[in-house]
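**Q** Produce the entire structure from the sequences given, and follow the hints as far as they go.
There are 2 protein chains.
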Amino acid sequence: MKNYDIGDHPIVFGASPNPNKSKPTYLFYGHYDVQPPDPTELWEFNPFEPRILNRGGKQVIHGRGSSDDKGQILTFFEACRSFLNIHKELPFNLKVLIEGEEECGSPSTSEFLKENKNLLTCDYALICDTGFEQGRPSIFTMLRGEVSLKIKIKAATTDLHSGLYGGAATNPIKALSSIINNIHDKNGRIQIPNFYDDVISLNKNQKEQWAALNFDEKKFLNDVGLSSSAGEKHYSIIENLWSRPSCEITGISGGYTGKGFKTIIPAEAFANVSLRLVKDQNPEKIKACFRNFVRNMLPNDCKVSFIEGFGTRASVVSSKSKIISVAKEALIEEWGVAPILAGAGASIPIVTDLKDILGVDSLLIGFGKDEDNIHAPNEQYELESFFKGANTWARILEKLKLN
Amino acid sequence: MKNYDIGDHPIVFGASPNPNKSKPTYLFYGHYDVQPPDPTELWEFNPFEPRILNRGGKQVIHGRGSSDDKGQILTFFEACRSFLNIHKELPFNLKVLIEGEEECGSPSTSEFLKENKNLLTCDYALICDTGFEQGRPSIFTMLRGEVSLKIKIKAATTDLHSGLYGGAATNPIKALSSIINNIHDKNGRIQIPNFYDDVISLNKNQKEQWAALNFDEKKFLNDVGLSSSAGEKHYSIIENLWSRPSCEITGISGGYTGKGFKTIIPAEAFANVSLRLVKDQNPEKIKACFRNFVRNMLPNDCKVSFIEGFGTRASVVSSKSKIISVAKEALIEEWGVAPILAGAGASIPIVTDLKDILGVDSLLIGFGKDEDNIHAPNEQYELESFFKGANTWARILEKLKLN
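These protein sequence lines are chains A and B, in that order. For any residue, its number in my numbering is found by taking its place in the first sequence, counting from 1, and adding 13. For any residue, its number in my numbering is found by taking its place in the second sequence, counting from 1, and adding 13.
For the record, the hints were derived by calculation from the structure and aren't laboratory data.
Note that the list lumps identical chains together, so a pair holds whenever it fits in one copy or between two copies.
No farther apart than 30 Å at their CA atoms in a straight line, the calculated lysine-lysine pairs in the DSS-like style are these:
#: 1; residue 1: Lys401; residue 2: Lys83
#: 2; residue 1: Lys231; residue 2: Lys316
#: 3; residue 1: Lys316; residue 2: Lys382
#: 4; residue 1: Lys300; residue 2: Lys199
#: 5; residue 1: Lys316; residue 2: Lys165
#: 6; residue 1: Lys272; residue 2: Lys316
#: 7; residue 1: Lys130; residue 2: Lys101
#: 8; residue 1: Lys163; residue 2: Lys316
#: 9; residue 1: Lys167; residue 2: Lys231
#: 10; residue 1: Lys220; residue 2: Lys341
#: 11; residue 1: Lys199; residue 2: Lys246
#: 12; residue 1: Lys199; residue 2: Lys165
#: 13; residue 1: Lys217; residue 2: Lys333
#: 14; residue 1: Lys165; residue 2: Lys272
#: 15; residue 1: Lys232; residue 2: Lys165
#: 16; residue 1: Lys167; residue 2: Lys232
#: 17; residue 1: Lys71; residue 2: Lys341
#: 18; residue 1: Lys316; residue 2: Lys199
#: 19; residue 1: Lys272; residue 2: Lys83
#: 20; residue 1: Lys199; residue 2: Lys167
#: 21; residue 1: Lys272; residue 2: Lys300
#: 22; residue 1: Lys167; residue 2: Lys382
#: 23; residue 1: Lys272; residue 2: Lys167
#: 24; residue 1: Lys272; residue 2: Lys163
Computed from a predicted model, the values in this text were never measured in an experiment.
**A** Have a look at this one:
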């Protein structure tokens, strides 16, 4: 194992010391970075002090990153450790890449891949950073892409007294609210010009396959305290999440919201935006559409500036390769149920990079659950996911050995 | 002088030890509390370390509260000190009340006035907490009232991953933006039902008087980096600020806006609202109208709760009393220009209380300038305001002695 100091957080890379040229090479990928823990006051325990708890009748590992992605990574490592104890060698040449910038779009990892193609050469990538769908193990073959950006709207040169200027001065919070309010029409359709240009309609086959999953929309929403879909009308939730782009405001701030009241008209207001993309939508084009949309909606006396986060295309991997059928069998044997060949609403930018830069597809399995609270307070990972996840990988290794 | 421990911050009260029953009694009112200093990083120097600077070609006192209201209070005290040095006694019985909760609506001071009517009995109140209008000394006879409240909109039970839920889950920032966007119509008129019920149209006379002031709207806006009025169309800026109610969002927050990006759909979003009221608008009725407006606009899956700050009626004081004509003369002599009989957009809740509880009108003069940055970083008070302000009060005292 070796640390590569690239970007703000080093990449950890390791490889089988004496690769066997007659065997295939698999690259296992995971990430050790996590989302910020705040609001920290909502955590039951220190987010960075792992502990095993009984929560909701289940044994879980509590802690930031327990599910996304540290616990998941360990399922693979534990399987390899057991396998090596018995068989002394793995059924493939293994390379491992654990990065520290997944949660901010893997900007340095892309560079690392580009600069170290030879080091990373492999036949297939294995990734354990996904979860179950409807309580069923799943193999993800479609992932949405993402564009993120920050908007800053500035009006007056300084904060103004809301009594002395209220009813005369332009309020940037009002300008920002108007822009946000106009992103979607009443049917949930995004009104940014040219936004849907490269969005392909779902084919009938796929639509029927997904409908057959009998996805429990009510439960999906109820589990998080909601009752009705806020997505595009005329699309099911699964269709919205897996095949339709979205635009969410992930944060907003401006003026004073501390204790008590401060009677000001603020000079500035900020919003963070996350646009989820589907196949063929180009991140750069979408960013340009978004910027134009905002600029065209700006009222007089407001200026806008943008800080761009990252942009990744959506990715679709072939569901016909050997490793995917092996994974299917292993999942059936371990969990007693056929896995779903699913799409996912969330981005894993590395999957696009692995395809674009190294030319390899990825097997995406994982054992996260909806209740894991990833990216939120009280993140957890079920002990069952941990143990049966490790068993699943062990079964995959066994099958690859026999094949 | 004595501190009265009432509410969160004590009231400082003092009175002439041996009142002369043949003289009138004046109550001087000021406040020692200030607005929060943040964003502290925008201050040139420590907000709480006063210092004299040359800023924009003028000698100024820099510091939080230098203008609002500590510097202003001292103009009166310095005049009294000089007057006492020469004449040994003031031309009236003086009572002084300095409170510490003006910036949050004087809730305890109201109680204090109610419980200590005998202690506070007086003929007129003197207040030094206002400023110049268009570079001219002004006597304020109309003040807008204020209602402030905090809105919290809650959707899901926890923050959600924007990839896993984006395009399905209700986003409370979007709901809040929609509400804010609908407060005003395109002409700047507030669309809250019944909001204007008790708003009286400006009479022709008043309208003409104010028009004659030749208020420089362009300069007023340019001074703070703006170019056009965001208030109600068909009303001048002075009319908007002095005679029309307003509704401003003074702060907004929700989700993640720290460094980098956090891909969440937040569970909650918050806004702080300040409504400025004019004569006859009832704060309780306006609060109820606002709450109903928000509730009626809530989308499915959103809940709203309100934290109410404070509510004060607008106040209008008679411009015909002796003290006001004395103040007019003193201002003309000291500053060489006739004062404006003005309205003010900002509330001084104590003025309403003084009228309602003690039955007295207030003389409202002050020497603050637009450039003072009150409630904002780099608050200042001009040395000229300090010295000539004290002289103005000294002239008022001399005139009252002769009368």
